[in-house]
Amino acid sequence: MAPRAYRRRVGERRDDHTRHFRRSADVDEESGAQLVTAADVRGSDPGDGRISTPSADRARVWSADAPTTSALPPLAPDHDAPIVPDWSEVVEHFREGLIVCDADGVVRHVSPVAERLVPEVVSGEVLAAAGVAALDGDGRFEFTHHGRRLRLRPVALSHARRCWYVEDVTESVSRADALLAERARSLFLAVVGEKLGNPLHPDRAAAAVARLAVPTTADVAVLVLAPRSGRARWWRAVRAEDEVPAVDSGVLPAAALPSAIETGLAGTEPHALDWLVEQAAEAGWLPGLDVTGATARVVPLPGRDDPVGVLLVARRAGRWYDEADLDLVRAFAARAGAALTTAMLYRDQAEVADTLQASLVPVEPAPASGVQWGTAYRPAQAGLRIGGDFYGSHRLPDGGSVFFLGDVSGKGVEAAVFTGQLRQCLHALHRVETQPGRLLKLLNDALLETTQAHGQGRFATMVLGVARPHRDGGLTLTLAGGGHLPPLVLRASGEVEVVPLSGMLIGVVPDPRIGEATVHLAPDETCLLYSDGVTEARGGWRGDEQFGADRLLTAVTGCHRMPAPALAERVEQVTGDWLAHGDHDDIAVLALRATGAAGRASRHLHAVPGPTSAEPTRELPE
Amino acid sequence: MTATTTAADPAHAFAGYLECLAEADEQGAVAVARGLLEAGAPAERVLLDLVAPAQAEVGERWARNEWSVAQEHAATHISERVVAAVAAYADPRVTRGRIVMACMDGEWHALPARLVAEVLRLRGWQVVFLGASVPAAHLVSYLHRYDADAVALACALPMRLPHAHRMIEACRRSDVPVVVGGRGFGADGRWARVLGVAWAPDAPAAADLVADDRALRATPPARLDHLADDEYASLVKRRGELIDSALADLRERVPAVVDYTPAQLDSTVGDLGYIVDFLAAALYVDDGTLFAEFVEWLVEILVSRGVPAGAIGLTLDHYGQQLRDFPRAAGFLERGRAVVGGRVAATAGR
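For the protein sequence lines, the chains are R and A, in the order given. Per our numbering, the very first residue in the first sequence carries number 24; after that it's consecutive. Per our numbering, the very first residue in the second sequence carries number 537; after that it's consecutive.
One or more hints might be untrue.
[To be verified] 20 Å max Cα-Cα, derived SDA-like pairs, lysine to any residue: (1) R:Lys-434 to R:Val-270; (2) R:Lys-218 to A:Thr-755; (3) R:Lys-434 to R:Ser-392; (4) R:Lys-218 to A:Arg-709; (5) R:Lys-218 to A:Gly-732; (6) R:Lys-218 to A:Arg-702; (7) R:Lys-218 to R:Val-270.
[What the hints assert, rightly or not] Now the in silico label distances, taken between C-beta atoms and shown as ranges: (8) A:Ala-799 to R:Arg-561: 16 to 24 Å; (9) A:Gly-867 to R:Arg-565: 24 to 32 Å; (10) R:Gly-571 to A:Ala-758: 36 to 44 Å; (11) R:Ala-515 to A:Glu-593: 24 to 32 Å; (12) R:Arg-342 to A:Ala-673: 41 to 49 Å; (13) A:Ala-758 to R:Arg-251: 52 to 60 Å; (14) R:Arg-565 to A:Glu-788: 13 to 21 Å; (15) R:Arg-342 to A:Ala-758: 30 to 38 Å; (16) R:Glu-217 to A:Asp-561: 48 to 56 Å; (17) R:Pro-238 to A:Ala-758: 39 to 47 Å; (18) A:Gly-552 to R:Gly-571: 26 to 34 Å.
Rather than coming from a laboratory, the hints here were simulated on the basis of the structure. Glycine included, C-beta positions come from ideal geometry on N, C-alpha and C.
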């Protein structure tokens, strides 16, 4: 029955200066609504003016000798508008409470709302006597009073009088706070999702989890990974003012882990929280954190099966973990657990892939006397280090070298696996046959047999040769071609020759026609083998033009004095420039240069003595 | 008394070393460096005061058309061997974390990056040098597999800045801090600031920076709001079409172009492409000085190879007409045109 109580209070309050103008018949007792009739208004005091707001118009009315009963004009002329409310009454229904003081600071009016919010303020007494500090200021002010959040808005009135509007903003503030907190939580989780959503190295992921937990969820956060072989690795982030939190890490024997961590690793949040802070401090995880009054929680990080680890969050005294905080920590833990699981899975698979790739990457040619090797290799798939091109060399017992460069059908992993088989074959076969033409035929038969057995039609093109040192310091190359692009020879004169070498694909038909040629390299002359990834590179300014053999010839012309590695790199470079980030086939280059006097090429390997031999020359005193 | 004698002063060995590079004499060059080391010169000084300035001189000689590309290549290769020899001689012990060093994809000038890598190594870092022209995917998969305390990225040409930015972002997504260096970011690193990435002017500064994890992470955000006008993206899209029309325009206005050999035509098309690429990079970082500096450099290169500066002016004019609707690009081209104009006037006055 609030309306009745309200009405009574209103009546009580107003008895000092005005009559009670409402008739009981005007109040609908059922609904509580107050009906105002024209009679009420006519018979009532138009208002005492204490609730007016200052304005130019009104200032005149408020002249020194003006009657204090005519502050406000009627809302409508009396005679033809029957429904004109009384100002005091209107004001009493404001959400804001009103306190009006006269020039001496004596309270002249307190609206019911103000009375309820600030009961200390009593009409007729000096405002300062109420003892409410917030009322002393003259600016807008928000303060907490009797458990409510109040907003004060003082306004100067004419005649040095003042009015305070008091609003109870408890609900809207708490709603705004809740909204802000919720927004902060979503933002935090969004940042976490963004940071942890990318595949990371497991150590990076662990450090990122600890770092992200601070400061939103903790002053100190410790991530402990599930122990592996009896040892548990941990990462810790400590809140630093205005800075990115510092992260450090360490290892603990699994047996030394605090019991709460073990409980967490078993997949449950420990319920006994009393000793958590002490346990964490004992493990040395809470440096610089005042343990008295600090709170800590342990949350498991879900993994594929058992938790991948646990997160310990700790806060200084003064901030507890309420249910909303804990929900946030758990939501964070779920994301962190997923990121760590992914990172570890990725790492394990990358390790396997890496090991397999390593066996399929072309092996650098074995050093051989009188030969300087140069190579370049660029697989089609940049993320992959392997492809369908291959090269290599093996030393022969007679001082020569067998070398090869080729290209298998297809791209990517399958092609790379085939190049592995092919290189293995060559590795074995060169021990029984060193004549290039016959060696290629043997290889052809072996490949034919395997591809038929596996039912997959894989084939290769390749150039295979044997380099033998010549008396004059040069090299004699015996070359065999299996359908591959013809090698180039850079003569000391600057001339570039194309070696006429044809032949059929390897691994397609029995007894293929093999092209054969013999080339003599004088000292400082170079033979260049390359795959079709070079000449068929599509690029140029339209992006679809083939690089072509002519451009390759132009690119290597004038390069006859280059060391073999520089030449190979140059071919890779001009091809790369032509492609300009476009897609490409596998690219492989093998250059071999006759270095003249036998052994000169390898001399640089010994040209730099170790620190010991240089010691005697470093004897100058400081 | 100091330990430094003439025999240990890289400056005194400079001329002899350059001679070895000119002669493609690998053993000789290594011997010069070794002589300095044995006389007591610190390895870092040999790298920074001998190899680095010599390489800069090699670049100058190429720019002046005194050396062919092949000579430059051979000299660079020899410098690489010298760096390897110096590193092997110093044989530093690993006392700190791992740094991964890479050059931009398409970036073949690996020697400066290699020198920085060796200086870091001399200071105790475990440096993994991935080499020239590292595809972003390769770098990222390396980081996933092996982790690193920081990635150092080198960029020699400003035209690769958009690409560099993508690479930086890729590393950041792996949560590895990035430090960049190289002339590509501007002599004062101003384009690194635009991209919001830590920048080191030289090898010692890079060494200090990678040791300071907080400085690496406390980088200001990228300032790339200007990309909203879409000029960069549209220009990249129109690259082929612009080169086509510029070539047609040159054929019409410079009769000699009609008789160009295929190789000459290729290098002309290459230059037309560079102009578009540098313009695009200037749009990317919103800095007209990037394009103006490039035009200045291009004019010098081409004039030393017998191409009149006016021909470049024609192409800039042509691009300017084609890009009338691109206010920023048109402004940059205008500035480039002024550079060419200044050069033509200077030549005429001589």
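Provide an ascending list of the numbers of those earlier hints which the structure does not satisfy. 1, 3, 13, 17 and 18
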